[in-house]
Amino acid sequence: AAVVDDRVVLLYRAHGEDLVSRIGIATSDDGRIFEREPHPVLEPEHDYESRGCEDPRLAHIDGTWHLTYTGYDGTSALLCLATSPDLRTWTKHGPLLPDFDTWASSHLLRLKRERRPWNKAGVIHSRRLGGTWWMWFGESAIFAATSDDLRTWTPVTDEMHPMHRPSPGRFDADLVEIGAPPVETEDGLLVFLSNAARILDAEAGTVQYSCGQFAVSVDDPATVVAATDEPWLAPSTLEDQVGLVGNVTFVQGLVQHRGEWLAYYGQADTTLAVAVAPA
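All residue numbers for the sequence shown refer to our numbering, where the first residue is 313 and numbers rise by one.
Everything labelled a hint here was simulated from the structure, so no lab data went into it.
Possibly wrong hints are sitting among the right ones.
Now the in silico label distances, taken between C-beta atoms and shown as ranges [claimed, not checked]:
(1) HIS358 - GLN553: 17 to 23 Å
(2) ASP499 - GLY386: 23 to 29 Å
(3) ASP460 - HIS358: 35 to 41 Å
(4) SER548 - ALA516: 17 to 23 Å
(5) HIS351 - ASP532: 25 to 31 Å
(6) ARG440 - GLY555: 26 to 32 Å
(7) ALA416 - ARG482: 18 to 24 Å
(8) VAL495 - GLY328: 32 to 38 Å
(9) ALA514 - THR376: 33 to 39 Å
(10) GLY386 - VAL495: 33 to 39 Å
Just so it is clear, CB atoms sit at the ideal spot from N, CA and C, and this is done for glycine as well.
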């Protein structure tokens, strides 16, 4: 999500009967009621994204829009980058971390799948920190990476040492995942909206996704200094609880618009909604 000329612009994932994800664009005057454009702005072109382009997240840097998204080929999900001058015409730059597996340290790995590259969900900060660009990424656990040119990224730690991991017994007991790009505060913190999962019934395979927050210092962007003990958003409505994947609230976009914070999230992998707080 972004604000352009006082209007909210939303990039969103959708799929048709072929179940291949594409990324569409919609705009809104008030941040609540959106008008969708008729054609996707990003869709599969390459083998690494043959089954879908998913999970768009935006950063505006030096006049260029940087879009991180997931390229899925039916086996691996890889964090990819595309750039645009106008949010509609995109140049793809391919996978950023083609060999990294953010599930490597998970206690659920043996239940999920065999080892393979998997590194979806990434957000890039819109300014350099300590002279370098920073990105935070990961599903299952959260990692950080740095870059000098916004194209070539180096993880700060290896696969077995995430900066933020699940917390046993809490709402984020089984998974944490990057949500929206960070908000930089006046006291030198970067605050992230994040996603979390907890297994409700292992035999039935039911999981609840909810939304938390965590923070890092601009002086040490790879160390979490605070995280919420309880979710700020959890499934509560019918739309949150019933859909393609039930019991899901999943945040990916956050903007400040006309005196409000607007957080955009998916409901049960089926519909989109907004949560509102005063700015």
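Requested in this report: Check each numbered hint against the structure and report the violated ones by number, ascending.
Outcome: 1, 2, 3, 5, 6 and 9
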